[in-house]
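Put together the whole structure using the sequences plus the hints.
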Amino acid sequence: MYLENIKKGIVELIKKAETDLPLDVVNALKSAYKIETGVAKIQLEAILKNIDLAKKTKRPMCQDTGIQTFFITVGIDFPKILDLKKLIVDAVKTATIQIPIRPNTVDPLTGLNHKDNIGNYIPYITWDFTNGSDVSITAFPKGGGSENMSKLGMLKPGVGIDGVKNFIVDEVIKAGGNPCPPTIVGVGIGGGADLALKLGKKSLLRPVGIRSRDKKIAEIENELIKRINKSNIGPMGLGGKTTVLDVHIEMAHRHPASLPVGIVVQCWANRRAHMIIHKDGNWEMK
Amino acid sequence: MEYHFTLPVNKDKIKKLKVGDILYLTGEIFTARDETHHIMLKKNKHPFDPSEMALYHCGPLMKKDKGKWHVVSAGPTTSSRMEIFEDEFIKKFGTKIIIGKGGMGEKTQKALQKYTGVYVAYTGGAGALAAEKIKEVTGVYWLDELGMPEAAWIFKVKEFGPLIVAMDSYGKSIYKKLKKGK
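Chains B and V supply the protein sequences, listed in that same order.
Read in order, the letters of the first sequence are residues 782 to 1067 in the working numbering.
Read in order, the letters of the second sequence are residues 159 to 340 in the working numbering.
Quick caveat, the hints were computed from the structure, so don't treat them as lab data.
Among these hints, one or two may not hold up.
[Stated by the list, open to error] In silico DSS-like cross-links for lysine-lysine, where the CA-CA straight-line distance does not exceed 27 Å:
1) Lys955/B to Lys937/B
2) Lys896/B to Lys314/V
3) Lys222/V to Lys874/B
4) Lys830/B to Lys314/V
5) Lys837/B to Lys293/V
6) Lys822/B to Lys316/V
7) Lys293/V to Lys1011/B
8) Lys176/V to Lys896/B
9) Lys222/V to Lys822/B
10) Lys822/B to Lys203/V
These numbers were taken from a predicted model, which means no experiment stands behind them.
Printed below as a string of structure tokens:
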């Protein structure tokens, strides 16, 4: 009963992520709608109507319900830490049928669809630990179209921060209408190759419109937003002022010889939902 | 200009459409992504006649209820993945309307011009909105083999749109125009 109740909560969490877009994203799309005209406005109108409809009818806003991805922070005094992984896997299986969400896990060798959104390493979970007895879970289903536009640049350190900025602007412009703009661009600078991409993805958890706490990085984010939006790629690549809703940057220290830049593009459907599970098994959406 | 077409359409109607026009479609459309293109072209299998339908780049989210398929969410998928197949597909099946998102390349553009076709863009991610315009599921092919997203689904749609004419039969492309403007 205890575990069953938590599983029910995780299914609800996935449902919320798939059907109800966070307010910061909706507001950013509404602001974009106000400043756009013509074809760009038609696209944003369809997007906003779609968001409303998905929420009202409790159906996934996009048919690509993504690869099920979770960021979990575990309070070390939570009594059932070892059950959490199985609970997530079971919840994903149930959600696939119940919500429903599209079966999206395919064997890379045979092309066979696993039909339940489960597979090697999937659902993909990132674990972190903290004090206390609460478990915090963020569901972050990630669509394929935008993920396909991810890029890793192992730049020469000599190109400096200007080289980093140019790389980001060029890659986002090259992606054009493919990742369903207006997008949110997550960037990880530094680390090794894997860490740069990981930070890029993690940065997407930050709400749209919130700048980096580091003033220098915040300035770079602002500059990149302006430069990319000058490209006129616009909503769905059909032209317009809004190509990105936001750019988020996270940084790690790097090896003297390396300057990794990981770009992870997120479509306008920046789906995230967050819950807290208490040690008594009760949970709440946040 | 805004147009409302009922499928099938002839070449004269296609010729009316210019880049930037808005189109709404009523009639039968079929979904095809990478795998369905591959099967129909390379393995030469075509258990249904695609010539009179519009081709929709889409991997829908479906639900079976009381033995009948229903659409839950069905927005477009990224069209550029199909660029490697599309000119041949247009030539072989006489496809006149392709619905997708993100745009396609030179090869498709040339085929659209040569065989009189258009590529129209539907809003990516607008899966719930699209599902509202799909009135009936009339068939599905290769579901067991390819799985839900890659199977070929046949939909009856009503006033499906707004679709933006993004590549017309005169060799014009909204995407090319943008690239020049950069």
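Worksheet item: So which of those numbered hints doesn't the model satisfy?
Response: 7, 8, 9 and 10
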